[in-house]
Structure formats: structure tokens, C-alpha cells
Amino acid sequence: MNIHSIRAKITAITIAAILTTVVAIFVAGYSTVEVENERRAAELMNHLAGNTAATVEQYLDTVQHCVEAVASMADKSLDSVVLIKNGAAGRQYVKPVNRTAAQNEAIDSYLREYCEDLQKSFESFAGRTYGTESYFYCINPEISKNVHGFYYTKTGKTGYVRQTPLDASKLDPSDQEHNAWYYAILQKGRPAWVGPYLSNDKNKWICSYVIPVYKAGMLIGVLGLDIPVDVIVSQLSDVRVYDTGYACLFSEDGHVIYHPEAETGFIPGEDDRVISEEQLTHDSNGEELISYNFKDMKYQMAYCRLSSGMTLIVTAPEKEIAASWNNLFHMLIIITVLVVAIFAFLVFFAMGLITQPLKDLTDASTRLAGGDYEVELNYNKNDELGVLTRAFTTMRDKLKKSIDDLNHRLFSDSLTDLPNMRFFFSLAEIEKKRLAANGREPVLLYIDLIGMKHYNVRFGFEEGDRLLCEIGSIIETQFGRKCMCRYGDDHFAVITDADGLNVELDLLLENCRYANNRKSLPVSIGIYPYSLGDVSVSVACDRAKYACDSHRGVFESGYYKFDRSMLRQAENTRYIISHLDEAIRRRWIKVYYQPIVSAESGKVCDEEALSRWIDPEMGFMSPEDFIPILETARLIYKLDLFVLDRIIEKIRDQEKKGIPMVPHSLNLSRSDFESCDIVEEIRKRIDKAGIPHEMLTIEVTESMIGSDFDFMKKQIERFRALGFEVWMDDFGSGYSSLDVLQNIHFDLLKFDMSFLKRDDGGEKSRIILRELTVMAHELGIETLCEGVETEEQADFLKGIGCSKLQGYLYSKPVPYDEIVRLFRDGSHFGYE
Amino acid sequence: MYYYWHMKINIPRKRILCLMLVFAMMPFSFYACSSQGGKSSDSDIDTSGFIVSIWDEPDNTDFQCTTLYYNTAYCAFDRLVKMERRNDISEIKPSLAESWDVSDDGRSYSFHLREGVKFSNGSPLTSSDVQYTLTRLLTHPDSTNRDLVENIIGAEALEEGRTDTLEGFTIIDDLNFIIKLEEPFEAFLACLTMPGASIMDAETTEAAGDRFGLDVDSMIGTGSFILRKWEKGKGMLFEANPDCWAGPPECKGLDVRFMQDSEEIRRMFDTGKLDIMDLDDLDSTAEYYIHGDIYNERLYEAQQVGINYIALNESIKPLDDVRVRKALQLVLDRELILDSVYCGRGQIENGIFPHGLYGYNEKLAAIPYDTEAAASLLREAGYPNGFGLTFTVRSTSSQSEVAMVKMIADMWKDIGVRTDIEVIDESEFMSLRKQGKIACYQATWIADYNDPDNFIYTFFGNKANTVSRSLCYPDEDVMKRVRKARTILNSEDRIKEYRKLEKLIVQDDCAWVPLFSQTRYYVTSERLNGFRVAWTGRYFSNYREMSVTDAK
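First to last, the sequence lines map onto chains A and B. Residue numbering for the first sequence is 1227 to 2058, as defined by the working numbering. Residue numbering for the second sequence is 219 to 770, as defined by the working numbering.
In isolation and in its complexed conformation, chain A is listed as follows:
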């Protein structure tokens, strides 16, 4: 994890938290403030509408009260009895034209007086009512056709001047505009505001409050008071709603009484309508404002129905209503941005302070991971990071120590503290390149202490170790630590310049001689000059060792150069080992059979299977060329089993062909026993082929038994127990020990005729042979001599009692085909 990411994450989380909070506050604020703003706007507008309406209404009320008071008087002061008795009302009503003159006269005179009294009262009431333009009482022509009532108009300062009373019978019912005050009221049957309408005489807009006066169920007349619209307008025109909003007033029938943008008396058409009639059906808009569009602008309005039936509207553009809210909204956004920015900075900064040691720690870890143990951390506060840092430092120190230790162990020898073989490979590579680069010839030395085992036995391991340390020290001193190593056990390796090598080596041998207070060992040194081939250090070491080992058995100090023949041998070895499988598969290895002849009968009594490697590349190879190599490589079992398989094939073929058979002897090597359970393996194959066990004889050499006597004794006994004869090959060629014969029972001892060739004349050998034969005979062991080449030799052997003979005298090893041919020819000398 990147340290920045923690910082960024915490910063981001904090910002997110702030944003969440701000958004939450914002949303809450938004809804609250918006609702609040709407509520307040509605409250304000409603209040304004209500107030304005109240003001207007208050004024209209004074007018109404005035007219109502007069109407009440008109009602009370009128004696219905007079009317009823004179046929002007009641169930005995008659039209004026049908009444008697006396009746009409009575009514008219009564009405005149009645009107005169009423007019006086009306004048005093009207005088106390602000704005009165005129007042009137128009008597119903059905009551009287002569008395029309009264009509007074304000003129100048003189007060109310009598006008000709309006004769209702002469009013044109179709002229609603001017005569609404009469007909509309008759239609309504109840008091109402009429107008605005243009007065007849003056070019003036007026509104009238008119009350019908009834008595005894009869309309007596209409009573009214006119006021100029201007008086109402003056109460509205000053009303300001927000910036450009305004108040306007409509009459009950939808005429404009006041509108800043329309004429008084104007009737808005359908096109002028901005809100539906349904929206205006209530007494007011209630708690919410009504929104509408007008000329692509959004408006909100409140309205209030006056008791007069008029509608007062207060309207303002939505923009202005929401202005305060919008300001708040903008402020909030600015504050939000600022807060977030400041906090982002602060948190990022603070997180930087907090995470710095963590960052250092992370860097240190990264460097540590890269192998840099020198990282320094100096954060030492007493918090988690401090503890972590100190723990890290401790861990780093321990790790460093461990790795140093491990490296040391890995690359140096624990005893001598010198570089070990592994380390030397890389050191030598470097040195080799360095020398080559300087035009020098590098050589690799393999140094071997001779007789270290005996030394240890003799002086003890402690002393041996001390010697090794000293020798190592000497080598180190002479060639430098970076050019040498303890290769293993008592071996050392050195890479050095070929130039002046002999001098150096002489000096080395000299120094070694005096090592460990002269309690030293001779030193054998193998030299591999790289001029022989630029091989890897390990190969160079092998070759130097090869050179060294080539003089094994020399118990004297010396140095030996690896040469081309050694190289060849080495290559040969490599070739044999790597091509064994192929040679077997492709039958480059062939099995030859050399007959063994019975000394008594002169006929073949056994055949020894011998392998020959006829390589397409290397040519004919004798067993001496490849068997030791295969033995060393422990691959000989493959060859031996291959030979066994051929023997089995041969026997079965002979069986098939009817060729008489004798036992076949098979040579085994020591390593056969180590590679597998050879006893069991042979038994299995022989049994599988259904061949009697006496048809196979096992040949082992004396040297094979040497090192692990008991093991070999057991194996030989197993063979013999299974019915296989076991012969000792090459008896007397090595360090034959009579001890072996004493402990292991062999069926036959095999000598080599070369035994006889050692000395001129070979008298001693003859004696030994004779005695051996006698001894074997007495031990119940047969004897066989191989390498018999002459009749003379054969006679001698027969003479001393050797029972079986083998050699060129009789036949060289031949392939099976040859045997078959010989037998067919009849030239075979016959089987026993």
C-alpha cells in the first residue's frame, strides 16, 4: 500500500464526511428554508392581500354602513299600511294607472314627504362618508309613477346639489353598463356593489353601493351611493409587493377596478386570463400562493375576496419572491466550497504530518526488501509509530546480522573460515575474467593433502583440523582470499596466473612442509590451465583433480599438469557413460563367448560371456576400456544384465537349434551388488526363461570382496544356495588373501596365464600355481586357467591338475553366430 493512498484515503473520507454533512445540512436547510420561504412568502403576500383588502373593505364598509343605515330608515319610516290601503302593496295591489286618483295622490304625497325626510338623513350620512360622489333613491315606478325619489351629486364646495331624480321607468334595461345599478340590483334582489361604470355626465369611473328597499313584500325603490373609483385606487396604487409586484382589484363581475397595467372598467378576455376561474372560487387562496405564467415570467399571487364581492389580488414575480432564498442558496454553495477546500487542505496537511513517519517506515521497508540494511530511521516519539519504528530498526538489525551470518555460512568453510567451494565458483569466475582481461592465462589448482585419513587416525581429528587450517592459511596467504577455497575435506582449490606458477607451487609445497610445526602431510597439486579450454570453474576443478588423482598412490608432494591425454581420457569416460544406453539399445555392445575346455576330456565344458563394444565412432573397445569406467560410474549392472539377457537368448536359441549346451559364466562387478539386488534379479530372469540354474556360473573378482567382506560373503552364499556356481576370477592378481578362501566357499578359482609370465622362466610361478592347484583341490575347489596360448602351457596345467583351461590355444571369444556356424560346419571341437 502506498503511503500516499492512506493519506489520500483519510483526506477523501474526511472530505466525504464534510460533504455528506454539508449536503445533509444543505438538503435539510434546502427543504426547511424553501418550505419556510414559501410559507413566509405566502404569509407575506396573504398578509398584504388581507391588509390591503381590509383597508379597501374598511372603506367600502363605511360606504355600505351609510347606505344600510339609510336603507334601514327607508324601511322603518315607510308606513306599509298607507301603501296597502292605497293599493300600492299587499294582496290588493293595483298598478298606478289603475288606482284611483285619490289613491295615487295619497301615495304620491306620502312618498314625497317620505323621500324628503329620507334625503335629509341621507345627506347627513353621505356628508360623513368619505369620497361620496352622489347618492340617490329611485322609487319603483310600480309604486308611483310620479314620485321618482331623489338624486344628489357633489359639486364643488357647495356640497350636494339636487339633480333630476332618475325615472326608473325610463331606464333602458338593455343598457347594463349604465343602468346596472338598477337592473342588476333588481336581479340580485339584495344589496350589492355595482360598477365600475362611467358616470353619465362626467367622464368619471364610479362604483355604487345599492340596496333594494322592500316593504310589505314590494320593492319600494333602490337606494344607493356612488363613489369614484379613484378613491379606491388611491388605496391600492401605493401597494408594492417585493420589487415590481402590485395589487389590483376586480369587481364581482370581473371588471377591472384597479390594475396598474389596465384601464378601469376593462373586462379581461379569455386571452388575458392567467389563472383559471376555479382557482379563484374560494374566499382566498388559503395558505399557498397561486403560481401562473404571464409574458414568459413566473408569478405568484394571493387573492382575497371582499365581502363586497370584489377580488383583491396581490401578485409578484416568483424571481423576486425567491430572491432571499436564492441568495441564501448561493451563499451556502460558496460556504460549502470554501469549507470543503479549507478542510481538504487542513486534513491533507494534517495527514501529511501524521503519516510522515509511516511514509519513512514504508520507504525503509522497501529499501530493506531490496537488501539495503543501512536504512536509518530516527522517528522516536512515544506513539504507535514510534514503537513500530523502533521495532522495525531492531528487526532490521537482527535481519542484517542473520543475513550476514547466513552469507558467511553459505560462502565460507566453517572450519577454516575460508571461502567454500560454492563461493569459490563465483570468486574464481571473477578472477578468471580479471586475469583474462589482463591478458594472463588463468590456471586452476586442485590441492590435495595426501594421507589425510591416516593422519587423522594417527594424530586425531583435532590435529588434522589444525593442519587443514594451517595449510588453508598458507594457501590464503600466498594466493589471496578471493582466489582460493577449501574445496572439501582435505582439498583446496586455487585460481591463479599461469605465469610463474612453478615458482609459486614450489614455494607452496615448501611452506606446506613446515606447516603445523612440521607435523604436515605431502601435498599433491593438480593443475588445469585454461589454455586447454575455457570451461566452467567446476569442470576446471574436476580436471585439475583428475590430474591430481592421476598420480594417486604417490606419497610425495608434487604437482601435475592436466594434459591432452588426460583430457582425452576424461572425454572417453564421458563418452562411454553418456552412450551406454545407446550402445546397448543399438547393440554396439556385443557378447562374445570364449569356450572353456575340460583338461581331462579336451571338450568344451563351459563358455565365458564377454562383452565387446564396437562403437561406430570410437571403433572397437575392449572391456578394459569401458568396464572400469562403468564400474566407477556404477552403471556396470546395465551391461552385466544385458550380457545375461544375451546368454539367456543364446541358451534358448541353442535349445531350439538342438545345439548341445554347457554352463555359461557371467562376470559381475562389485557395483552390481550395490546398484540392485543382483542375486534376485538374475534368479528372476533365469527362472522366467525356464533355464536350469546350473547353466549359469557367476564370476566375481577377488578385489570385489575386499571392502565389505560380510556383505559379499552373504551374496555369494545366496547365489550358491540358488544353485548357481560362483567362481573367483583373477585369483592372485591383486592382494589375494587366503582369508577369503577360508571364509567363502567358491566353486572354482580362476588364474590368469599371465601369472606365469612375470618372471623369466617362471619357476616360482609354477611352484605357486602348482601349490595353489593342490590347495584348491584339497579345499574341494576346482581350478581354471585362462590365457592359455600354447600346448606347452596346456600340458603344464594339465600336469599340475588344473581341471579347466581357457585361451587362444583353444579359441578366442567368438560371437554366437560363429559358434552356430562352427557347429554346423562340424569344425566345433565338441561339447563335453
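These are calculated hints, taken from the structure and not from any lab test. One or more hints might be untrue.
16 Å max Cα-Cα, derived EDC-like pairs, lysine to aspartate or glutamate [said to hold, decoys possible]:
1) K1939(A) to D1903(A)
2) K2024(A) to E2008(A)
3) K1939(A) to E1900(A)
4) K1302(A) to E619(B)
5) K1414(A) to D488(B)
6) K721(B) to E580(B)
7) K1321(A) to E1368(A)
8) K624(B) to D1305(A)
9) K1787(A) to D1725(A)
10) K491(B) to E1602(A)
11) K1414(A) to D511(B)
12) K1302(A) to D501(B)
13) K1414(A) to E515(B)
14) K1311(A) to E553(B)
15) K447(B) to D264(B)
16) K1882(A) to D2043(A)
17) K1626(A) to E1602(A)
18) K1311(A) to D551(B)
19) K491(B) to E481(B)
20) K1311(A) to D628(B)
21) K1679(A) to D1715(A)
Go by the hints and put chain B onto chain A.
Chain B alone, transformed into the frame defined by chain A:
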């Protein structure tokens, strides 16, 4: 500072997030808190969907003890039977009693109660509730409606405390009972349609004792509405009875207001806050609703089955003289009064039984307007210069009534009668009248049940009745005939007898001055549906058919 920043790291990351969330949530929770508590939980009755109308406020709603206020009885209670009038024919229809059988002799009534009827407290209606109701009606010391059931066998004995049980009432089982009458009485069923005969729940009424009619909780009936609230001087609230046996009423309830100021009433109506306005409650402004075309469709005109009369107390001189009373009859130009005061909206009446009442006699001779005759009669009686008379007016009288009284006084003045118009408090008026101490007053009697008996018996049925109306009619024989007429089984004969008695009492004995029967007018609000005036000319019994289309 640095140190503290470091310390903060100690808080686990999760907890920081939690804290942040808490902070983030704070405005919400705060907002949530602040938005609460707007509406207070008011246990007041939600009156939306209620019909708003105006009543006179009763002192007591115990319908057995009043002759004035039956509205509560109409709304919250039912009777055994009900009166319905279609096309001028009145019929007795089943109500709580699903059916009934009348014995051939007309004296035995077997009632079969409707099954499943429940009082508003949930208890079922049984025969014993009926028995209790009738027993209470007869035994309650303040009962004013005993005459409805007086002719049940044993009623008198029960009334006088000689027995505890009503002998003529036999319970068969929970739903069936028999009522036996002393004598056959054709109007018996009509009497049972009277609000005074509304059936009470025995248990709760008994438990309420004197509080019945005063406590809202005591008014347990089977009616369409349940009285929920009675705020003195302001009004009453009735809720619709959802479990009413006749089905729930159309509206959700009744919002009744007690108001007198005509101006206030008119304003209330004009602003749509009143659903039914009785134009009688207004002064001359009532004309505004009759003329013009605004209220055409909401104006209801009804002939009130009731009579406007002037009572003359025969126990007070000189009203004991029939000539004086006759003179007072003749000197009144009743047409002029009707035309002038009531705009001619009504019918001149000349007897006891008004237009529209079962048994109305259209052939009854008109009482003429004859000042001369009146004056001579007065001279004959020994009052050539007239006499002084106190005309008592209730304080609750309407302007029209007052105007009318003034006109009457003016007319009487023509023959020298000096009328002193005295306005007294309603309760005092009632008290004085009951004692037979008011000399002269004007009043209206509106039919409770559609039978002449409802009129003639109430005023002239017995001494108590006639005294309690301050008529103090002295002719016991006539009154006996009135009582006797009740038992006439043949309808025609009975009506004939009533007509004879009517002429005898009003035109011969001039026991009162009949004036006229009024045409009544009601206007209703735009939102009111189903308004219908009952046969009486009143609407209180028809509330269950009305409803309001509430704009809310």
C-alpha cells in the same frame, strides 16, 4: 497540537466513520425533531360534513317536559310510529314498531317492535323500554305531554300515584306488547308520533334521573344522531349514528348553533357558514333572499301547519265578556296585518284548525273586519270609551311579531282599547302563562301530529290545558265534548264534531282571535343536499335525509 493530531489516530477507523455519520445525520434528526409538534391532538369532534343550522336553545331537552323544544327528540330519538304526508294525505307509518294491530273496538293496540333496534349505547330496544317511557311520561312531575297517553287504562291511577304500573300496558315479550285504552281514540297513533312520545332507554334514563335532558350523556336514543356536545349559549353537536336501525344518516352530523342576532345569522349564511336559514329569523332583510334570482334554487316555501293567534284570558276582566272578545276580533284588519307584516305570505285563519291540518274546515265563516260592529259591541258591553289591556310580548319575539303586535294595538285603539305592550323575559312569560295570569298575548301553535286533537285538546281539552295557555276557557261542557270527541271512532263524525266545537269556541265564544297561518321560507347553502320540509312546515325531523358536499 501535533500530539493531539496523533492521538486521534487511536480512534479506530470504523468509529471515526461512525462519528462522521453521526455528525452527518445530525441536521436530519434535528430537522426531524423540529418538524414535529405542529398539530396538537385535539379530541374535539371533527365537524366537517356536519350540517350547520340554527335552533333556539332549550333549557332542557327532556321532551316529555316541554312543548317547545322537540328538535333533540327528532334527531336523537324515534317514536313507535311516524307521520308521513304525501300529496296532502297523512299516513301513520311504522317506525320503531314494525307493525301493529288494532282491535275491532279500537281500544286495544298490539305493537310489534322492530327487531335488532339498538340505543346509541348499544343496548337493545325492548317492550320494557316502551313501558318505561310511557310510565315516565305519566308520572314525571314536570311532564307536559301526559295527554298523549292519558287514555291508556290505568293512566290516571298511575298519574295520581295510586299504582306503580300502567295497567293498560301488557308486555308479551321483548318485542311485543299490548296497549289497552279506556276508550277508543282514533288519534292515539297520531299522538304516538309526537316527539313527546319518543322512546327512551329505560336503564340510562332511570340512572340519569333529573339530569336527563340536561346531560349530553343521558340522551340515549335510537335516532339518526347522537348528541355529543352541548355548549350552553353556543350550540350542540350531534354525530351521525352509524348503527341507526334505519341506516346511518346521509350527513356526518349536525352542528347546531344558538343564535338570535338576525344580522349575524345573515352574515353567517352569506359567507357560507350556515346551511339552513329560516327567513323567520331575519328582519326585513329576509326580502333579499325572496326577491331576485340568486336564491331561486335554494329557496324553500312551505305552508306551516300552525296557527297565529291572540290569546284572550277569560279570567281577566273585561275579557270575560264575550262581546269584548268579539269586538277585539272584529276590529282587527287581519289581511292588512298579514300583508303589512308578513308581506301577505300566509292564509287568514278563522278558527282553531289551520290550513293543512287534518280536519281543516274551509267552509268556516270568515271573521269580518268591522270596526263599527266592534265599537257597538264594546259599547254594549259597557266600555264605550274602551279599556286598558296589557299585551304581553316574549323577549324572544321576532321583529315581525313585534311589528304585528303594534299594528294590532293600533287597530284596537280604533275602538278605544288602550293596549299596553309589555315585553317580558321568555321564562317569566312561560311561568306566568302556565299559571293563567297573562291577559293577552300573541303566539303560534304548530302541529305536532296531524290531527285536530293536537290543537283543540291542547287548548281546550280540559281546565288544566286551558289555564296553562292563559286562556282560562270556562265552559266545562265544551271541554268535555272536546275530550269526548277523541273517542269518536268514526273519522267523519269526529271531524264534524271538531268543526262544531271549533265554531263554538272561536266564533261563538271568541275564546281567541285567530289570525293566520304563515308561509315559511328557508334558504339553504349551496353545499346542502336533500333538504325537505316536513308536513308541519318545519324541517327538524328531516335531517337524516340531508347532507353536505364538503369542499374539504
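Each hint, compared with the structure:
In summary, the hint linking K1939(A) to D1903(A) is supported, as the alpha carbons are separated by about 14 Å, within the 16 Å threshold. At most 16 Å may separate the alpha-carbon atoms for a hinted pair to count; K2024(A) and E2008(A) meet this at roughly 13 Å. A C-alpha spacing of about 14 Å is found between K1939(A) and E1900(A), which places the hinted pair at or below 16 Å, so the restraint holds. Straight-line distance between C-alpha atoms of K1302(A) and E619(B) comes to about 15 Å, which keeps the hinted pair within the 16 Å bound.
Simply put, K1414(A) and D488(B) have alpha-carbon atoms about 13 Å apart, close enough for the 16 Å limit, and the pair holds. Restraint check for K721(B) and E580(B): the C-alpha separation of about 12 Å stays at or below 16 Å, so the hint holds. Among the hinted pairs, K1321(A) with E1368(A) is consistent with the structure: their alpha-carbon atoms are about 6 Å apart, no more than 16 Å. Only pairs whose Cα atoms come within 16 Å are accepted, and K624(B) paired with D1305(A) is accepted, the gap being roughly 12 Å.
Restraint check for K1787(A) and D1725(A): satisfied, since their Cα atoms lie roughly 14 Å apart, inside the 16 Å limit. As the CA atoms of K491(B) and E1602(A) are separated by approximately 93 Å, the hinted pair breaks the 16 Å bound. Annotation: proposed proximity of K1414(A) to D511(B) holds, straight-line Cα distance about 6 Å (limit 16 Å). As the CA atoms of K1302(A) and D501(B) are separated by approximately 11 Å, the hinted pair is consistent with the 16 Å bound.
Under the criterion of a C-alpha separation no larger than 16 Å, the hint pairing K1414(A) with E515(B) is consistent with the structure, at around 13 Å. Under the criterion of a C-alpha separation no larger than 16 Å, the hint pairing K1311(A) with E553(B) is consistent with the structure, at around 11 Å. Between K447(B) and D264(B) the CA atoms are separated by roughly 12 Å; this keeps the pair inside 16 Å, and the hint holds. In summary, the hint linking K1882(A) to D2043(A) is supported, as the alpha carbons are separated by about 14 Å, within the 16 Å threshold.
Between K1626(A) and E1602(A) the CA atoms are separated by roughly 13 Å; this keeps the pair inside 16 Å, and the hint holds. Of the supplied pair hints, the one linking K1311(A) and D551(B) holds, its CA atoms being roughly 11 Å apart against a limit of 16 Å. This hinted pair checks out: K491(B) and E481(B) have alpha carbons roughly 14 Å apart, not beyond 16 Å. Taken as a hint, the K1311(A) and D628(B) pair is honoured in the structure, with Cα atoms around 15 Å apart against an allowance of 16 Å.
Straight-line distance between C-alpha atoms of K1679(A) and D1715(A) comes to about 10 Å, which keeps the hinted pair within the 16 Å bound.
Comparing the model with each earlier hint shows a violation of hint 10 alone; every other hint is respected.
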